[in-house]
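What follows is each chain in one-letter form.
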Amino acid sequence: MIQKILFIFCLLCIAISCGVDDNQNQGYSPRPVNIAVPAIFSQLLPEPQIPSDNPLTQQGVLLGRALFFERRLSADNSLSCAGCHRPNEGFSDQRRYSVGIDGIAGFRNSMPIVNIAWNTKNKFNWDGSANSLEEQVLEPVINEIEMHNTWANVVATLQNDANYLAKFEAAFGSPTISKELAAKALSQFIRTLVSGNSKFDRYLLGQATLTPTEEEGLAVFLDENRGDCFHCHGSPSNPLWTDNDFHNNGLDENFTDLGLGDITGDPAQFGLFKSPSLRNLAYTAPYMHDGRFQTLDQVIDHYSEGLVYSPTIDPLMKTVSQGGVQLSLQDKAALKAFLLSLSDPSLANNPAYQNPN
Amino acid sequence: MFKKAAFLVLLVLPFVACDKNDDDQAQQNTPVSIGFLHSFYEDEVSVSSNTIQYTNGFGTSLSITRLRYLISQVSFTNQDGIKTIVKDYHLVDLSQDNSLTINDILLPPGAYNLKMRFGFTEATNTSSVYPDLNAVSWNVPENLGGGYHYMQLEGRWLDPGDSPDEPYLYAYHTISAVQNPGPENTREDTSIEIDLGEITVTQGATQINVNMHIDQWFENPNLWNLSELNGLLMGNYTAQKMMQENGQNVFSLASNMSD
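Chains A and B, in that order, are what the protein sequence lines are. Mapping of the first sequence onto the numbering used here: residues 205 to 561, in sequence order. Mapping of the second sequence onto the numbering used here: residues 313 to 571, in sequence order.
One or more of the hints may lead you astray.
List time: in silico DSSO-like cross-link candidates among lysine-lysine, alpha-carbon distance up to 30 Å [what the hints assert, rightly or not]:
hint, chain 1, residue 1, chain 2, residue 2
1, B, 395, A, 327
2, A, 536, A, 383
3, A, 383, A, 327
4, B, 399, A, 325
5, B, 553, B, 427
6, B, 395, B, 427
Simulated from the structure, these hints should not be mistaken for laboratory data.
Just chain A, same shape as in the assembly:
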């Protein structure tokens, strides 16, 4: 028996020693990195969702960051991901519709892409059309009204750039660039985009004090009879400020955009869109999936007296026949003040999120 064990042990030693040598020979030693998890997230939320086949590495994140700001992803070298997901605009776009390389505008507002690593539902985009982040990042490159390129062209462009060759080799140990590896790198970087340093975060940590108006706004937000915002948009217990789920919030009687229903074909899901996070509203105007509201006041007015009935309206919408819950002017002002306390001014200037190219 001992002999057998010794024999197995020797085989193991050989296998392990060979593995080490191989890695050293390839010069492929990516350094694992962790997402910088805000303190309040550590207290309240699950661990970030990192796919087992795409762990974060220092080299992968750096490559992803370079690609995120790389205009050569577009057909005419004019538009990068950051062109429509701007760091100083909450990684969204303050234009109602982003404009692609051919001067054509899209039909939905650019969705903010922070705290994606906590999207436990794994449904991405306003309409849930992507089932993973790695899948999501592939689409804008080939979208005809966005970057209007082909992945074959992008891969060829990157393959001819010695700088990118080195970055891909360092990140993935492969001299061959592929769209799958590019998607992995982009996803790694996007998962590092974390916003968790708002005044309200600091309040929860006992490091800041809310004004009386902000406190009253929180009460409106959490009051089932007034705002009832918490069912879809989180609460002090859910600092994502979204449920990452899909709802029809009473915008239209008739739909010109079916949202989730356009993807699933299910009439029960016509007009449903993903709840966006309420973080960084100070920087992410305009609002709603189609950017129809320019101001937060308009958003609050909509829920207060602008709701309209449609067959799929969410049952959580209150007194729809009267347009909504009819908030007082005082409640509206307080709610707005509270919502703005969820904005994180440190996001835009985080040096790890800036253009490295």
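Following the hints, complete the assembly by docking chain B onto the known chain A.
Below, chain B without anything else, positioned relative to chain A:
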């Protein structure tokens, strides 16, 4: 070198020595799954739908667009009275197929009493302590007693004679019953123990199915009038107590099958 090898051999030996016991344990335990089924009287409810296709005991027609509920303290008690809690809590969501089954249960074959609880007990219904539930906004605000929801059952409804063009909405949400909603509220445990009786775990795979009779939420013992109680129920102490009463006979053992 010999010393290193001997040291590593000593490290390996305990694992090898444990193999036989592990094998015995593996032979003793058998996989058990608990599935959650849903019905409205005779109709199976397998997906949320916008179609108003069910009629409750009050005579109101309704749809079910959303159903989520929390089960906790899933336990198997064997013939010797030894209780094994196999799952502390589990969120069932009709729209998420992977939530409709509790897997990864391993038990020795035998007869058991199966129990679970609808919602959290007062002792376990502590605000913010379950990260996965926080992330899906399952919380109850502190002004409404804090802790977590027990159930969110939502949809549309129509009484006879109502125009079908614009049905009304309902949000039948169950939580701890709370008195004096606001900063000075007090809350009362309205979770429900579910005793599913005796089940048998046999060698091989065992599948247990539990059925929620959704219709019971609307009629037994309190006939539910949706025109009066269709929303804003979280802060309604009386409604929460009525829902707790109606929930007593909502769950039953549907099947206990073995491969």
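Hint by hint, here is what the structure shows:
1. Restraint check: the Cα-Cα separation between residue 395 of chain B and residue 327 of chain A comes to about 39 Å, which exceeds 30 Å; the hinted pair is violated.
2. Only pairs whose Cα atoms come within 30 Å are accepted, and residue 536 of chain A paired with residue 383 of chain A is rejected, the gap being roughly 47 Å.
3. Our distance criterion of 30 Å between C-alpha atoms is met by residue 383 of chain A and residue 327 of chain A, whose separation comes to about 21 Å.
4. Restraint check for residue 399 of chain B and residue 325 of chain A: satisfied, since their Cα atoms lie roughly 21 Å apart, inside the 30 Å limit.
5. The suggested pairing of residue 553 of chain B with residue 427 of chain B holds, with an alpha-carbon distance near 22 Å, which does not exceed 30 Å.
6. The straight-line distance between the Cα atoms of residue 395 of chain B and residue 427 of chain B is roughly 10 Å, inside the 30 Å bound, and the hint therefore holds.
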